[in-house]
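Asker: Position chain X against the provided structure of chain B, taking the given hints into account.
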Amino acid sequence: MSAIKLTVNGKSVSADAEDRTLLVHLLRDQLGLTGTHVGCDTSQCGACTVHIDGRAVKSCTVLVGQANGSKITTIEGLSRGDELHPMQAAFRDNHGLQCGYCTPGMIMSAVDMVHRHGGKLDEATVRQELEGNICRCTGYHNIVKSVLDAAGRMKVANAAE
Amino acid sequence: MGVEGIGARVTRKEDKRFVTGKGKYVDDVRVHGMTYAHFVRSPHAHAKVKGIDISEAMKKTGVVAVLTGKEIVEDKIGNLICGWMIHSKDGSPMKMGAWPAMAPETVRFVGQAVAVVIGETRNQARDGADAVIVDYEELPAAASIKAAIAPGAPQLHPEAPGNVVYDWAIGDEKATSDAFAKAAHKVSFELTNNRLVPNAMEPRAAIAEYDEAEEHFTLHTTSQNPHVARLVLSAFYGVAQEHKLRVIAPDVGGGFGSKIFIYPEEMVALWASKKVNRPVKWTSDRTEAFLTDAHGRDHVSKAEMAFDANHKMLGLRVKTHANFGAYMSLFSSSVPTYLYATLLSGQYNIPAIYAEVMGVYTNTTPVDAYRGAGRPEASYLLERLIETAARQFKIDPAELRRKNFITSFPHQTPVIMAYDTGDFNASLDAALKEIDYAGFPARKAKAKSEGKLRGIGLSCYIEACGIAPSKAVGSLGAGVGLWESAEVRVNPVGTIEILTGSHSHGQGHETTFAQVVADRLGISINQVSIVHGDTDKVQFGMGTYGSRSGAVGISAIVKAMEKMEAKAKKIAAHHLEASEQDIVIENGEFKVTGTDKAMALANVALSAYTAHNLPDGMEPGLKESAFYDPSNFTFPAGSYICEVEVDAGTGKTTFINFVAADDFGRLINPMIVEGQVHGGIAQGIGQALLEGAVYDDSGQLVTASYMDYAMPRADDLPSFKLQHTTTLCPGNPLGIKGCGEAGAIGSSAAVINAITDAIGNNKLEMPATPDRVWHAIQARA
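Chains as they are written, first to last, in numbering that gives the first Met the number 0: chain B, 0 to 160; chain X, 0 to 780.
In isolation and in its complexed conformation, chain B is listed as follows (with noise of 0.2 Å):
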């Protein structure tokens, strides 16, 4: 068992967990953030992504002792009290979702793909940046739909601040 210290999304936490658990574990089970979902277990399907100091990260990767210390953000923690972020409003408005089971794993890896590339995004890019995010109900035409939406809003947004 190890002492783990977390920041998650604002707050700190910390837990005791044994050193076999992963991230998405604690999340979910112990934390209560079952937002973040498990599709694989191998890494493929992204739907357990979030963010860890900034950057998406699958959480079924990462051994919680490796995360210790750091900075998380979860689908919980992306909107602003009742505002939806940009791209959870945009995953709305294009119908972007259907079960929702990959939602938040694409949500969160669609933010980041948007603050790597500046905004300046096309199909074809976002289609090669959501490789390692699988859904099975979309189609992905609607979800690349909502990222280059999402990606003209957070630009606006950006402006403004």
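Worth flagging that the hints you see were computed from the coordinates, not collected in a lab. C-beta atoms are modelled at their ideal positions from N, C-alpha and C, and glycine is treated no differently. Please note that the accuracy of each hint is not assured.
Simulated coverage check for chain X against chain B, where a stretch passes if three residues somewhere in it have a Cβ under 8 Å from a Cβ of chain B [stated by the list, open to error]: (1) 358-371; (2) 500-507; (3) 707-720.
Answerer: Here is chain X on its own, set in the frame of chain B:
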């Protein structure tokens, strides 16, 4: 149409919880005192279980219990069932081998459970399972149709000699032979429909709780049809009595058919929760999902078509072998028979059809309905056969189809189905226009000049949805009726709850169903809540599959609404001192037509519940329910056209354009309908280019993770261009046909027809990987 009514592109009510991570899936649920189950699964495709040593496992920290197949048999828990009886040509019933939830004596596929370990934590259950020692005596395995029907093949079940489940036929054999005898042209074809793994992104899961005092069970499960689950678990397996079992299917992360069935794991979880007197949770991991979720497709077929001198179809003869896997899953028997061979007439006037289907056991995971279920197999076979014919006759494939289209309705096919309506020319025209079919030869020539192989492929599909008229399916062997139920509860303040037996696992019912109600009453969808997925709340329901929620589920809601509205009109007329025939419903008010007299819905509702001033003899309250049984199947149809470019050097296929023109009848929410089509096309393209469950000769599934099984990813797919043409279904109140499976049914043949057109070699099987395409190009040369 109001801004939120029928036909409006309303954003989904359910999305806020999903985009904020607040969805509630089964694995998100935690209950006090919960234990965790981990199954011990067979590593062999066929073996005798000689003994199970649990002594080491029981010593492991946190292991609560180890339960085996022997105990489940001793407790007289019933075997898993197949709920659709099919009779062979000789009149004998299908041969069903016994399927205990955990194997006491013999395992017949890799992944079949032999024991379960209950632990205090997920990891402790897993550690315990690793310490269970099973003594297997390996037996020879038959891992494919070919191996299972070969002389001297290993036998799976004593009940099924020769591994044959059934040898079934439909249609008129003699009339079809006569058609071939007088044919001017014949086209024949052999093809495989590759086995797929459904892969809903949420793995299956179950939480079973037993209340000793009440002798009552609660099961949270990832189900498309919680009431059917309760029925089967109680009536056939005897785990719990129906009135002592509550089944809850909360947010479910996709199904595609795989979550229709009642699997061993939820049955064992229920049984174990009573055994250990603690709640038991089981969550599948992805490899378990590959090994134990029912697979789809897996046919090997020979087809031949007879034409007259003018290229009019005379007859179709098909012989299909269908792989059932090691056991008969819940609806498996119906898939390669009544959901497949009855659609072999496609969009065409074919005077004579004869189809034979042999169902075969193999030492592989059971096979059952997967998105489209039989209809993609029929459509793929027919559309490749017709494309082959067009190439053989050297005539335009669009024209060959058009020449043979059914153009008058109703149309009785030779294989049971009576098509009620359609306009196949309209959808073909829309697709041809959208893809600029006329401009294709120039595009092909230009591509050729650049060293690329360009191809175009058509697929004109029809499917039978709105499953299904209960009497009809009963006569064909179904063990259940396939109606739907609904209840409308108008609360005293005028808000409305709709209780439905349909289940949403991505389809957006909370929005579309509310739109129908909002449209009728002229209110906001925010005044309407949709309640589903809980057998304690909804009286009964048959669930969601076979594109039935619109055509059957919504029709039940409309029927219940009509009853409620009739009563509400009586109340309004009483208060407004008018005749109930003069009451109309507009903008949430009951108005006396031609006057300014009106009573708000909320006031009508309040009046119904205070009951101070109701018409004489009227019962208080404003709540009505209805059961709707469809009069016929519905027949969505359309034309899909795909344009591809193939790199001759690598065999890689690139999409240039993909067009889908569908006729789904009335659309409630076009945005959601389009989403369904996108997802279906992706699964059809996945089958055509990427996906395939591969077993080696010993019965090991070598594609049992996302490292090996090629799921379609964003960069494998194009954006899609959709068109809608409309003929309203005459069989249900709103004219809905259903849209959930069309994409998966229509798209595979379009893709393969495009690739074979590009490379000039018609011999190509799915998935058309670059390796296969490259070899096909070489074979042509």
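Asker: Taking 8 Å as the Cβ threshold, is the statement that the stretch 707-720 of chain X is covered by chain B upheld or broken by the three-residue rule?
Answerer: holds (count 8)
Asker: At least three residues with a C-beta closer than 8 Å to a C-beta of chain B: is that true for the stretch 358-371 of chain X?
Answerer: Coverage by chain B is violated here, the residue count being 0 at a Cβ distance below 8 Å.
Asker: Are 3 or more residues of the stretch 500-507 of chain X near chain B, judged by a Cβ distance of less than 8 Å?
Answerer: Answer holds; 4 residues pass the 8 Å Cβ test.
Taken one by one, the earlier hints fail for this structure only at number 1.
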